[in-house]
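Q: Turn these sequences into a full structure, and let the hints steer you where they fit.
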Amino acid sequence: MIKLAVNLSMIFTEVPLIERFALARAQGFDHVEIQFPYELSIEQIQTQLTVHNLGLCLINVPAGDLMQGGNGLAGIPGKEIAFHQAAEQAIAYAKALQVPSVNILAGKQPHDADLLPCLNTLASNLKMACQMFNSHGIRPVFEMINGTDMPRFLIQNIAQAQEILEAVRHPALKMQYDCYHMAMMGEDVLEGLQENIDSIGHIQFADCPARHEPGTGKIDYAAIFSWLKQSRYAGYTAAEYRPSQASEKTFAWKDKYFA
Numbered sequence: 001m002i003k004l005a006v007n008l009s010m011i012f013t014e015v016p017l018i019e020r021f022a023l024a025r026a027q028g029f030d031h032v033e034i035q036f037p038y039e040l041s042i043e044q045i046q047t048q049l050t051v052h053n054l055g056l057c058l059i060n061v062p063a064g065d066l067m068q069g070g071n072g073l074a075g076i077p078g079k080e081i082a083f084h085q086a087a088e089q090a091i092a093y094a095k096a097l098q099v100p101s102v103n104i105l106a107g108k109q110p111h112d113a114d115l116l117p118c119l120n121t122l123a124s125n126l127k128m129a130c131q132m133f134n135s136h137g138i139r140p141v142f143e144m145i146n147g148t149d150m151p152r153f154l155i156q157n158i159a160q161a162q163e164i165l166e167a168v169r170h171p172a173l174k175m176q177y178d179c180y181h182m183a184m185m186g187e188d189v190l191e192g193l194q195e196n197i198d199s200i201g202h203i204q205f206a207d208c209p210a211r212h213e214p215g216t217g218k219i220d221y222a223a224i225f226s227w228l229k230q231s232r233y234a235g236y237t238a239a240e241y242r243p244s245q246a247s248e249k250t251f252a253w254k255d256k257y258f259a
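Numbers 1 to 259, taken from the UniProt record's numbering, label the letters of the sequence shown in order.
Source of the hints: derived by calculation from the structure; they are not laboratory data. Don't take each hint at face value.
No farther apart than 25 Å at their CA atoms in a straight line, the calculated lysine-lysine pairs in the PhoX-like style are these [stated by the list, open to error]: (1) Lys-249 to Lys-95; (2) Lys-218 to Lys-229; (3) Lys-3 to Lys-254; (4) Lys-3 to Lys-218; (5) Lys-256 to Lys-218; (6) Lys-127 to Lys-95; (7) Lys-3 to Lys-249; (8) Lys-3 to Lys-95; (9) Lys-229 to Lys-256.
A: If you want it as structure tokens, here you go:
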């Protein structure tokens, strides 16, 4: 049984974030995820989750200036204190809102920095985050993001993610596997899931190449969802796409694959 969720940062953007919880419930979702929930207070989010009987399954650690075109935090030498503070803020939200997993964005290699120090900084920060999150029963995950959408991102493909897992060597740390990003990187999306499922803590999906809802691109979601339903994967699987039209008109995939 797939635990399905919808991303409130990319879907239902026709209305402010605080109004999107109701729309998720109206579409039949039991779980939501939010990339960066920090524009709302913990109390505001808790009220929406309670009123609409929803669970919040994933948030991101604040990523500094990454989403504004900067390099971010986690893999940037010299920003270790800022990353620690960001991780503490994420823990405060995750604890209060009972969020099971928190995603850590690696960040981008600065133009004036060598790759190895960035990867060493990332591994060190992930080790620290594992200890911090694990003590609160929160699972840390980290994401591979394709280099077309985000050039110089430190972790772009499955092989690089496997290397980070090997470097960190903490059982709590898992990959966040975004099917869209993997398709953009030329990975076989289904094969990547099948070969790494025990190392995956969270799954996201959108079609490729336009990052719209399933059925608008080239990814074979019939095969992917069919395999996931019978697999041993126990995490959440979240729709994280840019709607090709009004959000409420983009859920034909839900009826097709999950009715």
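Q: In ascending order, which of the hints set out earlier in this document are inconsistent with the structure?
A: Hint 1 contradicted; others consistent.
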